[in-house]
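With chain Z fixed as given, assemble chain C onto it according to the hints.
Residue numbers (my numbering), protein chains in the order written: chain Z, 1 to 242; chain C, 1001 to 1242.
Keep in mind that the hints were calculated from the coordinates and are not lab data. Fair warning: there could be bad hints in the mix.
[Said to hold, decoys possible] Restraint-style ranges between C-beta atoms, simulated for each label pair: (1) Z:T165 to C:G1206: 43 to 53 Å; (2) Z:G218 to C:G1206: 54 to 64 Å; (3) Z:K222 to C:S1079: 42 to 52 Å.
We put the CB at the ideal spot given by N, CA and C, even for glycine.
Protein chains: 2
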Amino acid sequence: MRYKIVFSYDGSQYCGMQIQKDKLTIAKVLNDNLSKVLSSQIEVTASGRTDSGVSAIEQVGHFDYDGDLPKNFVGYINSVLPASIRVHSVQAAPNFHARYDAKEKTYLYKFYVSKNANAYYDKFALHVPVCDIDKVKASLKYLIGTHDFTSFCASGTEIKDMVRTIISANIYNEGDLYTFTITGNGFLYNMVRIIMGTLIEIGSKGLEPEHMRDVIDGKNRKLAGPTKPAYPLILKSVSYIQ
Amino acid sequence: MRYKIVFSYDGSQYCGMQIQKDKLTIAKVLNDNLSKVLSSQIEVTASGRTDSGVSAIEQVGHFDYDGDLPKNFVGYINSVLPASIRVHSVQAAPNFHARYDAKEKTYLYKFYVSKNANAYYDKFALHVPVCDIDKVKASLKYLIGTHDFTSFCASGTEIKDMVRTIISANIYNEGDLYTFTITGNGFLYNMVRIIMGTLIEIGSKGLEPEHMRDVIDGKNRKLAGPTKPAYPLILKSVSYIQ
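If we strip away everything but chain Z, and leave its shape as in the complex, we get (with noise of 0.2 Å):
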């Protein structure tokens, strides 16, 4: 039978969601504790990789085991997981895969803008002494759509096609806390983190808004900003069709 697992992880003390030689990593922790709940080996795919030091809101997964699961099981397996993964739900989906069925991919990322830093803010949000936020929230519009990101995305990987369609991109905050938002049916390696150092480089650097359409234009690595740390990234949430 195959199950579909949604669960959320505080990724600041892993290496990242998918399995690595040697490194503690969300995959592994949840394989681990699966497979002994269930006395039988048990592999998690997740809707996608997230990097060292990301966290998730709502992550989703599939695995599969024969059988039935114990009753009551979300409450078991977080009895026994670190506090750092809590699982919300498990539940027999048939026919499910968590990453080529997945729609829809929202992820956030939260920066406060501020001469000095802050303590608190630091905990989870990048620090941007200087950013004129009306030019960054002018160049969002640039994003949405189908395009070729080929220039958000980090040198070194197999994927050929960079063609990803971003359905939203929003800017809100609380004061000078903003949380950057954006949906797409995809994302590339790095690549929230890459458009995240280039609307950083509209706001600081006195470019104009139209700069994020010539960067997705050039097709360039090289032509986007920087990519900044992971800690601030959070997968909120995948959706999916069914």
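Here is chain C on its own, set in the frame of chain Z:
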């Protein structure tokens, strides 16, 4: 010369703001580092205490020092302080008193409403499995104004005057993550955490919004809800007349 100092802290690793014998507090680290840098015994007086585990986005204090500060003092002091404390500004402020002159304080308390715990939110917000947010919001109006808040003061305090004025109390949200924000001319010991416990009781135990009015009128700590944990509480700002 008297100096006004504005600073922030991640309170998670500290035993609160104020000096306590043999305990690591924000005041101890600030005093030790200011004293070292200025080669003089410095003691910071803050606008008020914050409990063990409570963070501050913007706390205000004052200290006395006979002399002018070195150039770029803010950068200098931040270079020796741990990253969990950041100084935003230091400026000469004759006759300023961080505690006596404080006019209003604003606190935030973060919580999320969800059947299951969320590993990301758990870092900074209280988990509330079930809550009727409309009832909670409807109860906030009873807090506004000048009241005797005896019901919301932890026992063991030496303070006799329990009258405080609440200027505003609101709840806003990003999805299922809520922020309770409250501004007043002063707060009793544990007052925000006890108000929070009372709000959660109204939202999760089928009580009516008017329960808040009855608890205030009763002037009895036993009528209010439990004291909620410290880590989701944040001192947002302190304002002064000048």
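Now for the hints, and whether the structure bears them out:
Range check, T165 of chain Z to G1206 of chain C: Cβ separation about 46 Å, and the 43 to 53 Å hint holds. At about 60 Å, the CB distance of G218 of chain Z to G1206 of chain C agrees with the hint of 54 to 64 Å. Checked against the hint of 42 to 52 Å, the C-beta distance between K222 of chain Z and S1079 of chain C comes to roughly 34 Å, which is inconsistent with it.
Figure legend: structure checked against the earlier numbered hints; the only hint not met is number 3.
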